[in-house]
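Engineer: Work the whole structure out from these sequences, hints included.
Take a look at the letters that make up each chain.
Protein chains: 2
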Amino acid sequence: MTDVSRVGTIYCLGLGPGDPDLMSVRADRLLRQARHVAFFRKAGRKGQARQIVEGMLPDGVTEFPMEYPVTTEIPFTDPEYNRILSEFYETCSTHLRALSQEGEDVVVLCEGDPFFYGSFMHLHSRLSADVPVEIVPAITGMSAAWTATNMPITWGDDVLTVLMGTLPEDDLSKRAANSDALVIMKVGRNIEKIRQALKTAGKYQDAYLIEFASMAGQTVQRLAEAEGKVTPYFSIIVVHGQGRRP
Amino acid sequence: MTDVSRVGTIYCLGLGPGDPDLMSVRADRLLRQARHVAFFRKAGRKGQARQIVEGMLPDGVTEFPMEYPVTTEIPFTDPEYNRILSEFYETCSTHLRALSQEGEDVVVLCEGDPFFYGSFMHLHSRLSADVPVEIVPAITGMSAAWTATNMPITWGDDVLTVLMGTLPEDDLSKRAANSDALVIMKVGRNIEKIRQALKTAGKYQDAYLIEFASMAGQTVQRLAEAEGKVTPYFSIIVVHGQGRRP
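Order-wise, the sequence lines are chains A and B. When we follow numbering that gives the first Met the number 0, the leftmost residue of the first sequence carries the number 0, and every step to the right adds one. When we follow numbering that gives the first Met the number 0, the leftmost residue of the second sequence carries the number 0, and every step to the right adds one.
Because the hints were derived from the structure by calculation, they are not lab data. Incorrect hints may appear among the rest.
For chains that are exact copies, the list does not tell them apart, and a pair is met inside one copy or across any two.
Unchecked claim - The calculated lysine to any residue pairs, modelled on SDA-like cross-linking and capped at a C-alpha distance of 25 Å, are: (1) Lys185 to Val6; (2) Lys41 to Pro57; (3) Lys198 to Leu98; (4) Lys192 to Gly7; (5) Lys45 to Gly155; (6) Lys202 to Ser124; (7) Lys198 to Gly187; (8) Lys185 to Pro68; (9) Lys192 to Gly155; (10) Lys192 to Gly242; (11) Lys173 to Gly59.
Structural biologist: The structure is reproduced here in structure tokens:
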């Protein structure tokens, strides 16, 4: 029987946008004391979350990479997509639950802010009833993106809408037209569709494209000046609000 | 003539939601090295931003409280409101600009994330052409609020809309009905209007009210279980998205 007095905590550690200097003091401290770290990555890659903490982990830490199953070519809407991912999250959860029940604390590295479009939530929903899980919030990638533009995203009573570039063009354009400020995430191969939606909404000339916000290689451009651009999935497009400004 | 080689930088330091442990590593370091700190506050109050950093400032630091002029009873729409605030921001900017030109770095304490509905932007627009201004992004109050509910705010392709409780009820209800996930800020005396708008939108039973997110006195309640509640201006209401979850 597990000695409940020694159950470990699973820390879901928001790493923020990528610059280690923008991690929270709490995240920094938990990382430097970690005995077990887990992180998602694509098979064959080092993993973005793991890269961010390079040089910060203590000697002797045990690493547990959680490698996404390959789901390219399977549409989100196919039940097979859900089945494969669900099985993957179950396997990861089983491992983390076992570590906790052996009395080990585990730090799970999460890019951005964990509860804001994060992947950890799929483990959280499987673990939180059984073992202690603590979420450490973080600076979002979108905060780093609007900060990089050197212009406030929202003023006064501006409405901000956050959209995923994976949405249908018609949905993107209607919502873009109906908001003061906009953030569009998951850009990558959706960029041409997003361009078209912003043109329809009359927001194209006001849109900025931010790549690698807060990281080496950060770029900020007007979207209209980046025609034909190939950009990473994690690039962010923003349109600033224009609200009350005494 | 000012020696431009010694012009100081004005750091607009995002303090995050209130827990000093959630400040960024960069913000923590800049605070502990500060020679000049400036912060907004209401006349006669200590000031929330100043409270957050209590015990963190070095000996001998020079403090510059920037006290909001009293604008109670003047509606936003009255030109007098804008004139009074504009004069106030000019006065603050003049002082900060002078410090910078004397070669002094200044840390301006900003609650939350500076470019997200922050007050510093009114100084930024007046200073950034003249002197070096650097924005340090931070964890938003809304991140701390949804983390406090222990449920993810957005999943998959959920649309998130951020609304100010100061908006008209009809606007709030239409936008609430049209979004997957919702954050409503500036709650305070707008709470009954927000309740009504969420009822009209069919979202009332799913709404949570978070007071003092990440701080001493933090509370999380279903809004429907907080009938008649008197709540601070900075309370936050959230409705979680229900998107794709394998």
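Engineer: Please go over all the hints and tell whether each is borne out by the structure.
Structural biologist: Right, here's what the structure says about each hint:
Taking the shortest Cα distances, Lys185 and Val6 never come within 25 Å of each other, neither inside one copy (37 Å) nor across copies (40 Å). When the C-alpha separation of Lys41 and Pro57 is checked against a cutoff of 25 Å, the pair qualifies only within one copy, where the shortest distance is 24 Å, while the shortest distance between copies is 45 Å. Taking CA atoms no more than 25 Å apart as the test, Lys198 paired with Leu98 passes in neither setting, with 51 Å inside one copy and 44 Å between copies. For the identical chains of this complex, Lys192 and Gly7 are neighbours neither inside a copy (46 Å) nor across copies (44 Å), given an alpha-carbon limit of 25 Å.
When the C-alpha separation of Lys45 and Gly155 is checked against a cutoff of 25 Å, the pair qualifies only between copies, where the shortest distance is 24 Å, while the shortest distance within a copy is 42 Å. In this homomeric assembly, Lys202 and Ser124 come within 25 Å of each other (Cα to Cα) only across copies, at 22 Å, whereas the closest approach inside a single copy is 38 Å. When the C-alpha separation of Lys198 and Gly187 is checked against a cutoff of 25 Å, the pair qualifies only within one copy, where the shortest distance is 18 Å, while the shortest distance between copies is 38 Å. Proximity of Lys185 to Pro68 under the C-alpha cut-off of 25 Å is restricted to the intra-copy arrangement: shortest distance 19 Å within a copy versus 43 Å between copies.
For the homomeric pair Lys192 and Gly155, the shortest alpha-carbon distance between copies (18 Å) is at most 25 Å, but the shortest distance inside one copy (30 Å) is not. Taking the shortest Cα distances, Lys192 and Gly242 sit within 25 Å of each other only across copies (22 Å), while inside one copy they are farther apart (27 Å). For the homomeric pair Lys173 and Gly59, neither the shortest alpha-carbon distance inside one copy (52 Å) nor that between copies (54 Å) is at most 25 Å.
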